[in-house]
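Undergrad: Those protein sequence lines, which keep their order, are chains Y and B.
Numbering follows the working numbering, with no gaps: position 32 of the first sequence is 32.
Numbering follows the working numbering, with no gaps: position 417 of the second sequence is 1417.
Mixed in with the good hints, there may be bad ones.
[Unchecked claim] Below 25 angstroms or equal to it, Euclidean Cα-Cα: the simulated BS3-like pairs (lysine-lysine) are:
#1 Lys381(Y) <-> Lys1082(B)
#2 Lys1372(B) <-> Lys1408(B)
#3 Lys1082(B) <-> Lys361(Y)
#4 Lys1222(B) <-> Lys1082(B)
#5 Lys1345(B) <-> Lys1414(B)
#6 Lys1354(B) <-> Lys1115(B)
#7 Lys1115(B) <-> Lys1204(B)
#8 Lys1082(B) <-> Lys382(Y)
#9 Lys1408(B) <-> Lys1345(B)
[To be verified] Label pairs and their computed distance ranges (CB to CB):
#10 Pro1293(B) <-> Leu424(Y): 41 to 49 angstroms
#11 His1281(B) <-> Gln49(Y): 43 to 51 angstroms
#12 His1135(B) <-> Glu140(Y): 52 to 60 angstroms
#13 Asp358(Y) <-> Ala1280(B): 24 to 32 angstroms
#14 Arg1118(B) <-> Pro89(Y): 41 to 49 angstroms
#15 Pro38(Y) <-> Asp1297(B): 53 to 61 angstroms
#16 Pro1293(B) <-> Pro250(Y): 22 to 30 angstroms
#17 His1281(B) <-> Pro89(Y): 31 to 39 angstroms
For the record, the hints were derived by calculation from the structure and aren't laboratory data.
We put the beta carbon where it would ideally sit given N, CA and C, even for glycine.
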Amino acid sequence: MDVTDLTACRMRDALRARDLSAADAAEACIEAIDRLNPKVKAFLSTDAQRARRRAAEIDKRLDAGEDVGLLAGVPVAVKDNMCTDDGQPTTCASRILQNWRAPYNAHVVERLLAEGAVIVGKTNLDEFAMGSSTENSGFEATRNPWDLDRVPGGSSGGSAAAVAARMTPIALGSDTGGSIRQPAALCGVVGMKPTYGRVSRYGLVAFASSLDQIGPFGRTVEDAALLLQATAGHDERDSTSVSETDEPVPDYLATLDEPVAPLRIGLPREFFGEGLDPEVERAVRDALAVYEGLGAELVDVDLPHSTDYAIATYYIVATSEASSNLARYDGVHYGHRSSDHTDMIDMYMRTREEGFGDEVKRRIMLGTYALSAGYYDAYYKKALQVRRLIRRDFDEAFETVDCIMGPTSPTAAFRMGEKTADPLTMYLSDVYTASANLAAIAGISVPCGFTEAHLPVGLQILTGVFTEERLLRIARMYERETDWASHAPPVCEGAS
Amino acid sequence: MSGARLIPTIGMEVHLHLATRTKMFCACAVEYDAPPNSRVCPVCLGMPGVLPVMNKRAVELAIRMALALGGTIPDFAQWDRKHYYYPDLPKNYQISEYDQPLGVGGYLDVPLDGKTFRVGIIRVHLEEDAGKLMHAEDGGASSVVDLNRTGTPLLEVVSEPDIHSAAQARAYGEALRLLAVYLGVGDCNMELGQMRCEPNISLKIGEGPDGTPRYTPISEIKNLNSFRAVERAVAFEIARHREEYEDDPDGYTLEHLGKSTRGWLDDREQTFLQRSKEEAHDYRYLPEPDLVPVVPDRKWVDEVRAALPELPETRRRRFVEQYGLPEYDAGVLTADREVADFYEKVAEATSDAKTASNWMMQDVMRVMNERKVGIADLGMSPANLASLIALVAEGTINRSIGSDVFAKMLETGKSAAQIVAEEDLAQTSDESELEAVVDEVIAENPGPAQDFAEGKDKAVGRLIGMAKKKTGGKANPNVVREILVRKLRG
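Produce the entire structure from the sequences given, and follow the hints as far as they go.
TA: Below, the structure written as structure tokens:
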């Protein structure tokens, strides 16, 4: 059996039993990356030597009988918008940070290291996490392991593709409007956006601060639970991270296999409307039937504001915050600086002109406009009001149902270049996912089948704030009845 | 057109550094003499991925100031981002409180020329300071930036336009500084840039046809870092507004020209235009998503209020009433909270509050100034000073010997009585002994003696001085005077 076929949890069991060494686990991933990454382009940077040294150190500690943590010896990939002070660049897939090396570790990176993980590399993304296809990377486009001519989704396309192609068992992504769940769906893996505040954002390079949340990718719900367990919890460096007193981190793995019963599933009409691909709808309806078979009750719910207005609201809030967060990239203190300028203002302008890609510039301009004097009330302030209504929609829905289900993405993976010419079409890829970020609630995408072209489809499940434990149990109920996780994409064939 | 009805109408924005150990949103030390860029971290450098964490001590100091100004503390304050591009601002936005400040309302009573005037306070809010940009001295193309100051907690106090002259502008700044220092809110060392004043000047022209007041355009003078500059810049602007208005009474108005920003050239003593209304920044304020609103605990606010000391202006008035001190003395003594505390103990232990005040101003504060130390570091207790004053009052030593004893007390740490005894400094009041001395003085100084005899009172000082000299300073001047009067005018 190939080591890369193991899930993180099974790998962890084998490492603890010393049936597998951390060195061999790391080597298997390094080998898979060497073989597959030239095709998939999931990683922007890897440091095999460092991973080998780290694995050897973990082996030594495991051999000595030490408790090395939840992820002892498990290889992990990290989206390249999270800071690592290991000498690898932290680029956000932007030319403006092409050679920038962070002088500090993100909170989640500290957590991974404290739990014994072996970080094997940094994964590709849409520049500054702005996009739904990973085609907006300033360096290269990631391919979907199920069809190399198609996109992996985005913005965490690199992490999703790395896990789908079994280059690492688990990976971290970030989700601002669907950037974990949508690529998880398109790559046939599990991807979770925890509640805003569940995982510290310290060291996550900000796109839209009030929406960004770090979350796990895995091939199974159990692996997502494991990685969430390792990274969740309060961090005093993030004022928006929830306190342990208010919301202690539960033991997600301990209760994972307990079904939620009775289970009332809310189906928003808005999630099954125009624009939904029939093959995607069929796979999702089949998944709902599986839940019904398990005794769940399907209930229609209304989220009146969350489809009609979610995308518009999202693109005002996110771009406004982005225009502010990205103001710091001016070439003065770090990162790219244009070598050709006449004065300070010219240096700012040329640096940003050269450093940012088109989509980033587009969003900075949208956000700058929305925040400008005279427009603030009409755009940003109005968007915040609608955001409150969207949150209320969900609050009211969760009074009568345990969770909300629907498709993660209206379509399966689309072709490279298919939507790049029309940003608005691309933006609609987030139509089912963005509202969860606006409402700050928890969401997950789990594989629920394939289209006729053998492209994965994702089922999205949403629950209320800080109910990740229940969300994982609900997802796991379905996963136990299916075997989608055992399907490997064609690119992996002949691996062993 | 007479300028007499043009009334200067001035509001002031004052920025002051709070006396916190660390910066507003990170754990870097606030230090003024550290090597450039040595008190920085990823957070205050605005590096990718960092998040601010609020300094609670800064909030406490801000609340203390707001309460001392008689303001109210709203249920919550909101952090906002104020955007502008400048190399001393690494994030290219400043975290500030825009429309939900920490403190609202209040006033400050400001003493000036023996009277007080009241300046209303609009708001008190917190923000972070920027770094310092320094341009190459050779006028070259490059500039350097020191980011040690970046993120230093700044308190901004915005006044109502209740100031009507340059002297008032200065007095307001001085009174606000005194209050902040008194409360321990800030050190307000203006040379270190710990306090900066930005007056907004306009002249009230009169009333429009509908009765609403009309004004000349508002000019805001940025970054004045001395009270002298405040007074001169305001005076310059008032005169300039007056001239501009008299040249063009229809055009030079607020409704036509709005608000402009001006700088102050200290050496040339004039202001210059920095930005007109058309060039005003659009700061694109955004509620700061990385920080939660400040919701001050009401009990905590009450505790801060209860811990407020007696404020300097109240205390100054009390010193005049309770101790019968001149306004000047009361002002000097209450300008430093510890000096005022010290004085009150001395005054209570001695019978003569005015004499105690003279000792404080002529001896204690003189040495403090010479040594540049606070009163606590002088090594003298109020009780020690009181017993020295008592020795003079009883006539054991004279006033000038008293000053010598004071110096020796500081030097040796001994008590006044001990020094007087050890050095045999008690003054001589023995008439027979002093008569012999006076005879010698008269014989040796026939001129002054003759003058005094002829009624020139001034000459007595010279003669008493000679008598003291002959006795090593111990001759009781009052007794010497009596003998001189008897012998020369008797």
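Undergrad: Next, verify each hint and record whether it holds.
TA: Outcome of the hint check:
1. Lys381(Y) <-> Lys1082(B): Cα-Cα ~16 angstroms, so holds.
2. Lys1372(B) <-> Lys1408(B): holds (19 angstroms)
3. Lys1082(B) <-> Lys361(Y): holds (20 angstroms)
4. Lys1222(B) <-> Lys1082(B): holds (17 angstroms)
5. Lys1345(B) <-> Lys1414(B): holds (20 angstroms)
6. Lys1354(B) <-> Lys1115(B): holds (21 angstroms)
7. Lys1115(B) <-> Lys1204(B): holds (24 angstroms)
8. Lys1082(B) <-> Lys382(Y): holds (20 angstroms)
9. Lys1408(B) <-> Lys1345(B): holds (21 angstroms)
10. Pro1293(B) <-> Leu424(Y): 41 to 49 angstroms: violated (35 angstroms)
11. His1281(B) <-> Gln49(Y): 43 to 51 angstroms: holds (49 angstroms)
12. His1135(B) <-> Glu140(Y): 52 to 60 angstroms: This hint is violated: roughly 42 angstroms between Cβ atoms.
13. Asp358(Y) <-> Ala1280(B): 24 to 32 angstroms: holds (31 angstroms)
14. Arg1118(B) <-> Pro89(Y): 41 to 49 angstroms: 59 angstroms Cβ-Cβ, so the 41 to 49 angstroms window is violated.
15. Pro38(Y) <-> Asp1297(B): 53 to 61 angstroms: For Asp1297(B) against Pro38(Y), whose Cβ atoms are near 58 angstroms apart, the range 53 to 61 angstroms holds.
16. Pro1293(B) <-> Pro250(Y): 22 to 30 angstroms: holds (28 angstroms)
17. His1281(B) <-> Pro89(Y): 31 to 39 angstroms: Cβ of His1281(B) to Cβ of Pro89(Y): about 34 angstroms, so the range 31 to 39 angstroms holds.
Of the numbered hints given earlier, the model fails hints 10, 12 and 14; all others are met.
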